[in-house]
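Residue 186, in the working numbering, is where the sequence shown stops; the numbers in between run on with no holes.
To be clear, the hints were calculated from the coordinates, so they are not data collected in a lab. A few of these clues could be false.
[Said to hold, decoys possible] Keeping only pairs whose Cα atoms sit at most 30 Å apart, straight-line, the calculated DSS-like set for lysine-lysine is:
| id | residue 1 | residue 2 |
| --- | --- | --- |
| 1 | 123 | 169 |
| 2 | 176 | 66 |
| 3 | 65 | 125 |
| 4 | 169 | 125 |
| 5 | 123 | 65 |
| 6 | 176 | 65 |
| 7 | 169 | 63 |
| 8 | 66 | 129 |
| 9 | 169 | 21 |
| 10 | 125 | 63 |
| 11 | 176 | 123 |
| 12 | 129 | 169 |
| 13 | 125 | 21 |
| 14 | 63 | 21 |
| 15 | 176 | 125 |
| 16 | 176 | 129 |
| 17 | 129 | 21 |
| 18 | 66 | 123 |
| 19 | 66 | 21 |
| 20 | 169 | 66 |
| 21 | 125 | 66 |
| 22 | 176 | 63 |
| 23 | 65 | 21 |
| 24 | 63 | 123 |
| 25 | 129 | 63 |
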Amino acid sequence: MEDGRAAAVRMMHHRLVATGKSHEPLSSFRHHFDRLPRSYLHTRCVGSPEDVLLDQRLLADAKAKKRLVAHARLVHRVQVHYDDDGGGDPPAAQPRLPELRSSGSTMQDEIFIHEIIFASYDKPKLLSKLSLLMYGVGFHVHEAHIFTTTDGFCLSIFNVDGWPQEDVKGMLEAIKDEMIRENMYI
């Protein structure tokens with residue numbers, strides 16, 4: 001691990017240990033980063049160091065269960081305001097908000113942005129299958145990051161809208177139902 005990257009991993013590990021959120025040795029923590037591409041540190045670790053612990057746990061669960069595991073959480077809410085131009089329709093970029101189309105003069109809605117993380121063995125066409133799954137549930141993907149590990153696993157992280165509430169338990173059930181409906185065995 002090169003110097004800048006090693007220093008960033010050390011600092012992150014130190015913060016997790018200092019706050020009591022991790023007791024794992026630095027070598028084990030470093031191993032997680034060594035098995036992932038460089039872009040993982042730059043892309044994923046901008047947020048909370050706890051995200052790394054979650055990713056580690058999901059990859060370990062995928063290995064232990066020998067199947068895809070998923071996790072979802074609300075990332076943030078976005079307030080959307082529309083001024084009625086007489087047609088009553090929101091901009092074309094927001095076609096999935098039908099409840100806004102019939103509203104009066106100034107329309108406002110809240111969009112929930114969720115993060116969905118999948119960990120699984122890396123397989124051919126995995127990204128296309130996960131994308132189809134997101135589409136089938138009705139999600140609109142805002143952002144996606146796919147990281148393949150050196151030991152044959154894949155960590156797929158999607159930021160999506162299209163789920164009308166904060167609830168993630170129902171969201172995970174909808175994902176599972178769509179997998180069953182489409183006979184997706186990932």
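To see whether the hints hold, each was checked on the structure:
1. 123 to 169: Roughly 26 Å between the alpha carbons, so the hint for residue 123 and residue 169 holds.
2. 176 to 66: 16 Å, holds
3. 65 to 125: 21 Å, holds
4. 169 to 125: 27 Å, holds
5. 123 to 65: 16 Å, holds
6. 176 to 65: 16 Å, holds
7. 169 to 63: 23 Å, holds
8. 66 to 129: Satisfied, since the Cα-Cα distance of roughly 18 Å is no more than 30 Å.
9. 169 to 21: With a Cα-Cα distance of about 24 Å, the restraint between residue 169 and residue 21 holds, given a limit of 30 Å.
10. 125 to 63: 19 Å, holds
11. 176 to 123: 19 Å, holds
12. 129 to 169: Distance of about 21 Å is within 30 Å: holds.
13. 125 to 21: The given pair, whose Cα atoms are some 36 Å apart, is violated under the 30 Å limit.
14. 63 to 21: Roughly 23 Å between the alpha carbons, so the hint for residue 63 and residue 21 holds.
15. 176 to 125: With a Cα-Cα distance of about 19 Å, the restraint between residue 176 and residue 125 holds, given a limit of 30 Å.
16. 176 to 129: With Cα atoms ~13 Å apart, residue 176 and residue 129 stay inside 30 Å; holds.
17. 129 to 21: 34 Å, violated
18. 66 to 123: Holds, at about 13 Å.
19. 66 to 21: 27 Å, holds
20. 169 to 66: With a Cα-Cα distance of about 22 Å, the restraint between residue 169 and residue 66 holds, given a limit of 30 Å.
21. 125 to 66: Answer holds: residue 125 to residue 66 is near 18 Å, not above 30 Å.
22. 176 to 63: Within the cut-off at roughly 19 Å; holds.
23. 65 to 21: It holds: about 24 Å lies between the C-alpha atoms, which stays within 30 Å.
24. 63 to 123: Measuring from Cα to Cα gives roughly 14 Å; hence the hint holds.
25. 129 to 63: The given pair, whose Cα atoms are some 19 Å apart, holds under the 30 Å limit.
In this structure, the hints that do not hold are numbers 13 and 17, in rising order.
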